[in-house]
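There are 4 protein chains.
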Amino acid sequence: DIGADAMNAIAITARSLGDAGKVYLERIENYRKYLQKTDKCVVAGVTDVKGDRHLRPSDPKQAHPDFHLRIVEKRKDGIVLRGAKVHITGAAYCHEFFAIPCRALSGPEDSDYAVAVAVPANAKGIRQIVRPFHGRISVDEFPVGSELRRMHTDSLIIFDDVFVPWDRVFLCGEWQVAATCVYNFALMHRRTGCAYRIPMSEQLLGIAVAIADYNGISGAPHVKEKITEIVIYLETLTALSRSACLDYVMHAGIPVPNPITTNIAKYHFAHNYHKIVEIIQDLAGGLLVTAPTYRDWQNPETRADIEKYLQGNPEVSTENRLRMFDLVRRLTSGDLETICLHGEGSPFAERMTILMEAKKIIAKSKKLVEDMAGIKK
Amino acid sequence: DIGADAMNAIAITARSLGDAGKVYLERIENYRKYLQKTDKCVVAGVTDVKGDRHLRPSDPKQAHPDFHLRIVEKRKDGIVLRGAKVHITGAAYCHEFFAIPCRALSGPEDSDYAVAVAVPANAKGIRQIVRPFHGRISVDEFPVGSELRRMHTDSLIIFDDVFVPWDRVFLCGEWQVAATCVYNFALMHRRTGCAYRIPMSEQLLGIAVAIADYNGISGAPHVKEKITEIVIYLETLTALSRSACLDYVMHAGIPVPNPITTNIAKYHFAHNYHKIVEIIQDLAGGLLVTAPTYRDWQNPETRADIEKYLQGNPEVSTENRLRMFDLVRRLTSGDLETICLHGEGSPFAERMTILMEAKKIIAKSKKLVEDMAGIKK
Amino acid sequence: DIGADAMNAIAITARSLGDAGKVYLERIENYRKYLQKTDKCVVAGVTDVKGDRHLRPSDPKQAHPDFHLRIVEKRKDGIVLRGAKVHITGAAYCHEFFAIPCRALSGPEDSDYAVAVAVPANAKGIRQIVRPFHGRISVDEFPVGSELRRMHTDSLIIFDDVFVPWDRVFLCGEWQVAATCVYNFALMHRRTGCAYRIPMSEQLLGIAVAIADYNGISGAPHVKEKITEIVIYLETLTALSRSACLDYVMHAGIPVPNPITTNIAKYHFAHNYHKIVEIIQDLAGGLLVTAPTYRDWQNPETRADIEKYLQGNPEVSTENRLRMFDLVRRLTSGDLETICLHGEGSPFAERMTILMEAKKIIAKSKKLVEDMAGIKK
Amino acid sequence: DIGADAMNAIAITARSLGDAGKVYLERIENYRKYLQKTDKCVVAGVTDVKGDRHLRPSDPKQAHPDFHLRIVEKRKDGIVLRGAKVHITGAAYCHEFFAIPCRALSGPEDSDYAVAVAVPANAKGIRQIVRPFHGRISVDEFPVGSELRRMHTDSLIIFDDVFVPWDRVFLCGEWQVAATCVYNFALMHRRTGCAYRIPMSEQLLGIAVAIADYNGISGAPHVKEKITEIVIYLETLTALSRSACLDYVMHAGIPVPNPITTNIAKYHFAHNYHKIVEIIQDLAGGLLVTAPTYRDWQNPETRADIEKYLQGNPEVSTENRLRMFDLVRRLTSGDLETICLHGEGSPFAERMTILMEAKKIIAKSKKLVEDMAGIKK
Ligand SMILES: Cc1cc2nc3c(=O)[nH]c(=O)nc-3n(C[C@H](O)[C@H](O)[C@H](O)COP(=O)(O)OP(=O)(O)OC[C@H]3O[C@@H](n4cnc5c(N)ncnc54)[C@H](O)[C@@H]3O)c2cc1C
Ligand SMILES: Cc1cc2nc3c(=O)[nH]c(=O)nc-3n(C[C@H](O)[C@H](O)[C@H](O)COP(=O)(O)OP(=O)(O)OC[C@H]3O[C@@H](n4cnc5c(N)ncnc54)[C@H](O)[C@@H]3O)c2cc1C
Ligand SMILES: Cc1cc2nc3c(=O)[nH]c(=O)nc-3n(C[C@H](O)[C@H](O)[C@H](O)COP(=O)(O)OP(=O)(O)OC[C@H]3O[C@@H](n4cnc5c(N)ncnc54)[C@H](O)[C@@H]3O)c2cc1C
Ligand SMILES: Cc1cc2nc3c(=O)[nH]c(=O)nc-3n(C[C@H](O)[C@H](O)[C@H](O)COP(=O)(O)OP(=O)(O)OC[C@H]3O[C@@H](n4cnc5c(N)ncnc54)[C@H](O)[C@@H]3O)c2cc1C
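Chains as they are written, first to last, in the working numbering: chain Z, 72 to 448; chain L, 72 to 448; chain C, 72 to 448; chain B, 72 to 448.
By construction, these hints were calculated from the structure, which means they are not laboratory data. Treat the hints with care, as some may be off.
If several chains are the same, the list does not tell them apart, and a pair holds so long as it fits within one copy or across any two.
Below, in silico cross-link-like pairs of lysine to aspartate or glutamate (EDC-like), each with a Cα-Cα straight-line distance of 16 Å or less [to be verified]:
#  : residue 1 : residue 2
1  : Lys379    : Asp231
2  : Lys379    : Asp232
3  : Lys447    : Asp130
4  : Lys447    : Glu390
5  : Lys147    : Asp238
6  : Lys447    : Glu386
7  : Lys379    : Asp123
8  : Lys379    : Glu390
9  : Lys379    : Asp318
10 : Lys111    : Asp148
11 : Lys195    : Asp232
12 : Lys132    : Glu386
13 : Lys447    : Glu100
14 : Lys379    : Asp367
Please build the complete structure, drawing on both the sequences and the hints.
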């Protein structure tokens, strides 16, 4: 998980500092033991709010110097930090968090930004502004046992002059290795990401196959083509993700996933994701956004109509078809996208029309090249 | 609008029937006058629920014969219809609806399915099951004057033996021209669709440009590339959409939009829509899904933190940036998509890493071809 | 054609200079009359050899100052030019050529590069190094009446201190309007390009349709999809190309094609061209590169074997099929590409295998989401 | 190589026949020893000429029954074969060839087509019609030591009633396992293909990097993007190709590469190949097809001009730049494609213009959404 990814990144960074890093390595080791003993849960605050993305943290043109987390005071017993970390998943319900730099630093004037620490979530000066990731199964949807789905929150964490004692400080001013730290974090974290994206892609394949089947169109050639596309998507992710492990490289004596294939794997997933969603919504059809709700299903006055008319594949119950629409909607969440695809007819309907209508052009063009080829008829 | 598209389709169909169609043309003309006089609002019910999509309407293998709207009785004073139309936008708040066939029919055994009528929304035997298209601006979002956005509902309309008097019947058994009817409807309706999709695409371009600006990244080369992509998307749609009008063709003496370019226009819009959404979410960054809510903005305890830390482009207020995130989220609605893009780093970050990491492979490959080219250094 | 495009660009540039441009306008007018009277053929030399593309023409870091055509001497009777124009189509067999700048200039130090002239092809100091565009129909191919195809040459034209009398000088030092000149040339020339690319795209559609037919696979769904793709390609080009004319804008009082759609049209053509070639080679199959040659066809010992075995669609003669392969090869010229596509099996064969082989994964993924949807079986 | 792939396929097929296959296994083993002892070179003839691709081999609607290789006589001492194999690489200069079926067979009426044999290239009744794959380095190109490149020939091999003795017959009528045979051949052969396509892709990456460098544009952002694309192409191929081996499966007790990832790997290579070629030709620029020839380089009259004017990156000699163009042309062979890309300006030039020109539309669209977001300025 993200905590482990951050801890490994700090450890590699400390090692890369040679003798100067030994004290950090010791502190990390102690902290690790502390976590094990107390069974505490840690999240990692890496992403800074950044401000103007074209300026370095200490650039005087930044509206203020606090867009990246920084050391505002060094004391005998520790350091004081100011700034904010953003998008931090799970921060609202963890015990501790790591804070590490989110970018390379390019000179000594940025050294106050080279800081890595662990702080308790309830440290003095910490404030969180939390946004829920909407995940509640609504009353309009078929219940599925649990009433939540993949629910989490993301936090904006404010460091309002937070004191951190020395034994929780793992980087403090060494601006040259900020790059090492964020780089190794990103590397390991993207690999972690790939790991859970494989089952996620299996779900995408699954809903595509299921809804095609429930709609009764599995046998159509264009549907097969589309399913093939998702298989390629999934298997390519898997192959890349594994290569990332097999071709590991050593960073400061610690094996890390291969930087090229790790990044390609994550990029492959992200860059093709919308295309896969498009396929799934295409296969689902308009009912994805217009199907009657669970409440209408429960209503004795409307149940029979729904049951009778919304059957697709005769071997699948209407209830199951509606349940699958609910899941597809939860997993692809694109109301507008579906309208865009299916409003006024499905893409395939348009393609068929195009071809049919182009008959004359097609014939004319063929004639043209037959003449060019010296073909007489 | 969709009512006019259906009426035109029926008129073309009637004309294509020659003398046999004259009575229908007359009834359509009367109905048109009736609508004008009473200022009634009509929607069109075209899409049938269809059942098994590989079987014709009357195929005995269909679970029941009512998956497409059909004539169950012909009486002296009119006809009686059974079946269901699905996805009908606005049916919940219109006065009347047209029902026309949604597919070609291939033989006399399907002639009961060749039926086009107009019925009042409150005719006896009509039942609607309505799904709202979620469009309420939530309390978590910045208010924008109106509290709703592009709100509508879609209905499943049940025809439970609905009686239609002869003067509202525009097709009744002529299975050979069902194709003409649905074809011309689709054609005109897709052109209508293109028309409102141009401003919709302008909105997409707009949110991309605005959020890039508010994030302070407008000048980055990859951002320019992405904006260019959306410009191409929009202008291609516009050019195709206009060609569809300029190259109109005559169907039964009525000019209709060009069938090839109309379909290409709609397909172009739909098929590339997800790619455009991907670009926008890419440019927006993770705040699209993790930004503090409007309620936190209103809260005096958290307002100052948000204001200070979530500034991007120094020339844009934090409030405006947050407002724009709200709009982007409303228009692209892809929570999961954004996570998929930005979780663990943005796609561009990955691409940059890939390139940087591939240095050795790049050098090796270059050496290889220099040898092949006979280049000595 | 390119000469007219250059002449119009110069005229617009002259007009944009106001009074200062009047003398140029007059000269252009005289030159135009001269061309009409003598019926001379002109080509345009726009593209300079450029050297280091990141440096301006006069930058001292350029290896020498002659990478862009420049004025080396101004005399009473005219000017002397040095430099080289590259890629000039048809220069080897024309009477005259225009030379105009190929880039914007950013300051007075570049004013010697702001030069537009007309010179006879045989002016003193002009040297041409010519490369033939290989276009001969080889003895291995079926003859088609003419023995050449779309044959032309491209020249590197050296200006070795070429003297140009004042009445052929149309721009001389006005660096501020070099941009106007090249911009308007590019605009008009890209529109010209679109014009001949429409029939070119029709040829691409034609060979795809013809070879699919001759191979006997026109009815296969994936083949229809591929033909549809080329129809979309062609029609989109046509629509954009026309919009470019309809939405013309005025530059210095002269109507010019719309800059946005002109560029999108050309970009659309170029950017999707390789995809279209891929489709055609896919449809053609391996015979595109392995078919027996015309010489073997003529050979009485081998003719019968070829005739018998290389028949595809039974309604097309083997000779015609072979002729079409020859044309496809001439028009898409991708030996390696075809091998890459078809060596070890066609792409579609691979896709089919992928799908078939993924059965278990597909089933597993489907099961997964059925559980998630609360579906019991 | 292909011979080994065929032999393994036959062995798996024989094993899958159980006891009935033992005699074949023995013969294969003997033949393998014979090859080792005599050091003979074998190629595989798999692809039949096929005729009408929608009909099975024995279908009476085929113009004749010989479109797939078949047994026309079974004799005491062996069998007699008629038909033709096509596209057979290297057949003109090998000692022996395998012939195996190229498709699944669906019933006993096709059993004469279930035949696998080994025959000497000079067996009685064998005729070859050979096409050279043009690979000669022309006199217009810089010499590179050898005067040939990747030269080979492909043959149409006619079996005009060729006798094969029993000890060279490995399949004879068992139509049920024709599928097993071709399937396993395709599988192993596609993996073989992937293996040599990795260095081929390295060459593609190499020429892209080299020509970008020689043109002096390596630092441009869009160039970096394009190089990144090829890196992704190469590494994805490598990861898939390795997965194909690591995830091997057992067929009849013999380990074979993973069918899914093998096919995805080959498909990935083929399907994206044209896009990669497009990138390379884009980076190369127009000189790829218009550069002066080696003969002009050798000519003392023209050498100095070429040397002076065709320099790009000042650190690369003009000679090396020209050599690299020669190699790029040999490896991507797309004269027309380059013209299509670069004629009238490079794609990037068009994109830049599009963006610049769209300023007003961009501003208007932005304004639109700012209003929608409730943003006041
Ligand atoms: C749901 C979710 C959960 C997350 N959880 C965590 C977490 O637990 N811990 C954590 O540390 N982080 C977390 N993240 C943060 C994630 O790593 C970032 O979202 C990601 O790195 C992108 O950063 P950003 O959101 O600030 O976007 P930005 O960096 O602002 O990107 C927006 C756009 O700007 C472009 N851009 C940015 N800077 C430049 C530049 N200098 N030049 C050119 N273009 C530029 C980008 O390419 C992109 O197109 C989470 C993100 C999400 C969406
Ligand atoms: C928001 C919204 C509003 C709408 N408003 C209206 C309206 O007001 N009036 C109206 O009449 N309609 C309306 N529609 C309906 C719209 O026209 C249909 O959604 C569209 O025609 C697709 O039909 P479908 O939803 O039944 O999907 P389906 O036809 O079920 O398509 C699902 C998938 O199955 C495939 N498929 C279907 N049949 C076959 C086959 N025989 N062979 C191979 N593949 C097949 C499709 O290609 C697609 O991939 C609306 C739709 C939406 C989404
Ligand atoms: C340079 C080269 C070297 C080769 N070397 C060898 C070799 O040494 N030995 C050997 O055995 N083979 C060899 N091959 C053959 C190679 O495996 C075939 O080219 C490949 O399998 C495609 O077959 P085809 O060329 O007959 O094309 P076709 O099968 O005719 O394909 C042409 C198009 O028709 C489509 N198509 C074909 N049949 C159908 C159908 N039933 N339904 C729908 N669509 C269909 C295809 O998808 C494709 O789009 C070589 C090929 C090349 C190009
Ligand atoms: C067959 C043919 C015929 C032609 N006929 C004529 C003609 O008759 N008259 C005429 O004037 N021209 C003619 N041209 C020239 C044509 O307009 C040019 O090829 C085109 O403008 C591209 O220029 P280039 O070939 O110098 O390529 P380059 O400009 O060198 O482009 C190569 C690559 O470098 C990139 N690049 C170049 N400069 C930069 C930069 N500053 N920053 C970032 N990237 C950069 C490009 O994007 C491209 O990817 C012809 C071209 C061809 C191919």
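Hints and how they fare:
1. Lys379 to Asp231: between (61 Å within a copy, 12 Å between copies)
2. Lys379 to Asp232: between (64 Å within a copy, 15 Å between copies)
3. Lys447 to Asp130: Result: close neither inside a copy nor across copies, 75 Å intra and 30 Å inter.
4. Lys447 to Glu390: between (61 Å within a copy, 11 Å between copies)
5. Lys147 to Asp238: within (12 Å within a copy, 85 Å between copies)
6. Lys447 to Glu386: between (54 Å within a copy, 14 Å between copies)
7. Lys379 to Asp123: Between. Shortest inter-copy distance 13 Å satisfies the 16 Å Cα cut-off; intra-copy 58 Å does not.
8. Lys379 to Glu390: Answer is within; shortest intra-copy Cα gap is 11 Å, inter-copy 50 Å.
9. Lys379 to Asp318: neither (56 Å within a copy, 44 Å between copies)
10. Lys111 to Asp148: Neither. Shortest intra-copy (24 Å) and inter-copy (79 Å) distances fail the 16 Å Cα cut-off.
11. Lys195 to Asp232: This pair counts as within: shortest intra-copy Cα distance 8 Å, inter-copy 71 Å.
12. Lys132 to Glu386: Answer is between; shortest inter-copy Cα gap is 12 Å, intra-copy 66 Å.
13. Lys447 to Glu100: neither (84 Å within a copy, 49 Å between copies)
14. Lys379 to Asp367: Within one copy only: 14 Å inside, 47 Å across.
In the structure shown, a violation is registered for the earlier hints numbered 3, 9, 10, 13, in ascending order.
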